[in-house]
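Number of protein chains: 2
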Amino acid sequence: MNSPFVLDTKTIQYYIGNGALEKSAKLFSDYSSVYVLMDENVEKYCLDLFLKSVPGLKVRGFIKIPAGESSKSIEHAVHIWQSLTNLGAGRDSLLINLGGGVVSDIGGFCAGTYKRGMPFINVPTTLLSQIDAAIGGKTGIDFDSLKNQVGLFIDSKAVITDPVFLKTLKPEYWQSGFAEVTKHALIMDRELWKILGHRSYKEVEEWNDIIIRSAKDKIDIVRYDKGERNVRKILNFGHTVGHAIESHFLKSDKPITHGQAVAAGMICEAWISAHIEQLECNNVGEITERIDLSFQRLNISEKDIPELMQLMRQDKKIRNGEFKFSLLRRLGKAVHDVVVEPELIEDSIRFYINNKKCE
Amino acid sequence: MNSPFVLDTKTIQYYIGNGALEKSAKLFSDYSSVYVLMDENVEKYCLDLFLKSVPGLKVRGFIKIPAGESSKSIEHAVHIWQSLTNLGAGRDSLLINLGGGVVSDIGGFCAGTYKRGMPFINVPTTLLSQIDAAIGGKTGIDFDSLKNQVGLFIDSKAVITDPVFLKTLKPEYWQSGFAEVTKHALIMDRELWKILGHRSYKEVEEWNDIIIRSAKDKIDIVRYDKGERNVRKILNFGHTVGHAIESHFLKSDKPITHGQAVAAGMICEAWISAHIEQLECNNVGEITERIDLSFQRLNISEKDIPELMQLMRQDKKIRNGEFKFSLLRRLGKAVHDVVVEPELIEDSIRFYINNKKCE
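Residue numbers (the numbering used here), protein chains in the order written: chain A, 1 to 359; chain B, 1 to 359.
Certain hints may be false.
If several chains are the same, the list does not tell them apart, and a pair holds so long as it fits within one copy or across any two.
Stated by the list, open to error - Here are the computed lysine to any residue pairs in the SDA-like style, where the Cα-Cα straight-line distance is at most 20 Å: (1) Lys-254 x Glu-307; (2) Lys-333 x Trp-193; (3) Lys-147 x Ser-83; (4) Lys-254 x Ser-145; (5) Lys-147 x Gly-90; (6) Lys-44 x Glu-280; (7) Lys-303 x Pro-255; (8) Lys-357 x Leu-293; (9) Lys-147 x Gln-82; (10) Lys-333 x Trp-207; (11) Lys-226 x Ile-154; (12) Lys-254 x Ala-67; (13) Lys-324 x Ser-32; (14) Lys-226 x Asp-92; (15) Lys-157 x Ala-25; (16) Lys-147 x Val-78.
Simulated from the structure, these hints should not be mistaken for lab results.
This is chain A alone, in the form it adopts within the complex (with noise of 0.2 Å):
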């Protein structure tokens, strides 16, 4: 019998790892009805994996959206909020998100404000929402064109993460979440730095403790400080050259994932970090290099800089024209509200394009 992590903060039930499922599926029936919001490809590859593992579950209605980021729309929400009704969910039912990044932050506020608020459980299906977006309490849709627009901190009541989901999962998606996993390490996690060593994601064998550890970091940090007020900022490290990159790439034909962008923003933020923290230019080398096993060089040039400058200063993390930066201070530990110079970000990524050496 697998043993998962288990972590009862009051608020939050965490059952992480191997035999998560199993192990919690008493909660389930803590609930007078239970509702499962999810994607087709989770329906497809993922719900009856899941209702094998809880075999006592019986679920009164399933809730689909289609797969991808355009599902967080108003239009969507209103689909789950209308079939809450129509299936008859009342503020004592639990509606279970079973699916990525997607399903857990449109479920989480459409179950945060049905009937003024009704429990949820995360059961994340992929890499990246496991270690990262199904915790933390962060929900929301996107609204005219801008991520997140309309949303809600609050907490589901529990997050079930089973590395079994994982099996289904295109390389796409492992190398999206291996970026975050790779932030983790870097931000606060010195110990898993070591763990997952010089390989690339494909490389990597064994999950399970990976996922734990990567789980726990981020739990840590959202524990406390759920609002942002402070030291959850250093999970922005990487994000803020990293979302400039993503939304150019969103503009033209051929969108990157998250995680491409996130690692290639990495690289410039470790440059920076170098430049203005007290990181050092060999950590730098061996972040690039760690990073370029598992992520290839994207195609920005010199020209598309100017671009970037103004995609950053759109950002939401930016106040009154001043860029604020989480960085490292060493390997496994982050600083945030750092101000960096526009031209530093500038050479950061021309540190990226040229594929130089810190020096």
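Given chain A, put chain B in place with the hints provided.
Frame of chain A; chain B shown alone:
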């Protein structure tokens, strides 16, 4: 200089009574930019009054919705989110909900979900919202013909209640608010019951003390039970039968106000209180007489009773088919979660219809 009642509960600041606006003006300076939500009537009758009372206030933008309950819709929520986005509101901005219950309900919901939560302050302009709707953190919109089907329990940063606005009210708004004032007296404030005395709402000359007292009653309740787990339920006195009556008339071509419905509901539920709680029949007589001074009897007949019972069964507060009421133990003291048999409810409606004497 007037001195309003001031209470700072750490999470919420209350300014209630004559002079509240002037006294609280400093609150607005905490925010980088300020936006005002209102309806057409408020713009016409209250906006100048408001802006004159807070002379230093710089409003970055006004957001308007049509007057009336039908504005509590997802379409108008989208309009508000879109307006905040277009006006460049951030998480450090402030939304002022200037108006009655519709404005604070939808405004609180939209602010509470905009960028995962921007602060808002309620400035209620009707008697009903001053002593009830603007206090207690219940926000929401109607959905699929269901009242407040989508919403949040979320606190405003402050409630600023200035009777100066009440001069703009039409008589039916006075009446509607007066039903809830009467309810507060009955469920928890015998002193207020004495102050109200044997007068119709038209005969009250000095409202300031009544508003402060009644608003404080509501604050006392919701401070200790925001989520309506126990004591807050006593606020439902008069509302189980009352809501059924309100829905019944909504379907007809002669809709009545919420206050008229609650007034009738209180007469029925006072009678029930005398039959399964210790309330005395002479108290029921006094309650009925006083309510009759302000509210005409509604046109309900014996043949409407089955439909009213059916409407009551659909109430959010009903669980497992059991009718649980909040009832009066004595004047100024209510209890909640009292199971009532359907036959007794039917008889209470007959008591109302036939204008009988309690015995």
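To see whether the hints hold, each was checked on the structure:
1. Lys-254 x Glu-307: within (17 Å within a copy, 60 Å between copies)
2. Lys-333 x Trp-193: Result: close within a single copy only, 11 Å intra versus 63 Å inter.
3. Lys-147 x Ser-83: Only across copies: Lys-147 and Ser-83 sit 17 Å apart there, 24 Å inside one copy, limit 20 Å.
4. Lys-254 x Ser-145: within (18 Å within a copy, 44 Å between copies)
5. Lys-147 x Gly-90: between (29 Å within a copy, 14 Å between copies)
6. Lys-44 x Glu-280: Neither: 47 Å inside a chain and 64 Å across chains, both beyond 20 Å.
7. Lys-303 x Pro-255: within (18 Å within a copy, 65 Å between copies)
8. Lys-357 x Leu-293: within (16 Å within a copy, 87 Å between copies)
9. Lys-147 x Gln-82: Between copies, since 14 Å is at most 20 Å while 23 Å is not.
10. Lys-333 x Trp-207: Neither, since 23 Å and 61 Å both go past 20 Å.
11. Lys-226 x Ile-154: both (9 Å within a copy, 16 Å between copies)
12. Lys-254 x Ala-67: Answer is within; shortest intra-copy Cα gap is 19 Å, inter-copy 47 Å.
13. Lys-324 x Ser-32: between (47 Å within a copy, 19 Å between copies)
14. Lys-226 x Asp-92: between (25 Å within a copy, 17 Å between copies)
15. Lys-157 x Ala-25: within (13 Å within a copy, 40 Å between copies)
16. Lys-147 x Val-78: both (18 Å within a copy, 15 Å between copies)
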